[in-house]
Amino acid sequence: MRMMRATAATVILLSLGALAACMQFGEYAMSSDCESLSDDVVRVVRDELGGGGAVSNMWAGEAGSTQPWCSFTVAVGGGFVDDSSRSAVAELVQQVVDQRSAIVEVTLAYEPDILDVLASSAK
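The sequence shown lines up with residues -20 to -1, 1 to 103 when you count with mature numbering (1 follows the signal peptide of the UniProt record, and there is no 0).
Please note: incorrect hints may appear among the correct ones.
[As the list claims (entries may be wrong)] Distance windows between CB atoms, simulated:
id, residue 1, residue 2, range
1, Leu95, Thr(-14), 15 to 23 Å
2, Thr(-14), Gln47, 36 to 44 Å
3, Asp20, Glu91, 33 to 41 Å
4, Asp19, Thr(-14), 44 to 52 Å
Hint data in this document are derived by calculation from the structure and do not stem from the laboratory.
Beta carbons: idealized from backbone N, C-alpha and C, even for Gly.
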């Protein structure tokens, strides 16, 4: 009987350890996927505008039904506020964001304090 208790306790501890490892890996995978998305967005910004694209405020993690699992801001810079290139960038970034199967939120920050917030919804 004593052996069974020790074995049961060991199984429980090992199960908890495995669960913690899975959760840690899941968070790592989400962060890595979010970083990959930010790289894609920065590439679009640089290809279209010839510069800009510093990422800040990146967050990745488990999301609720209406919360994004990945969000970040891309500093684009000034000079595009009234330009048609701003619309083109927003459309291209929206296409990249829409390819994700979960909720994602990307903010394009133009100077001075003008923001385009692009988001996808869960599919």
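query = Checked against the structure, which of the hints given earlier come out wrong?
reply = 1 and 3
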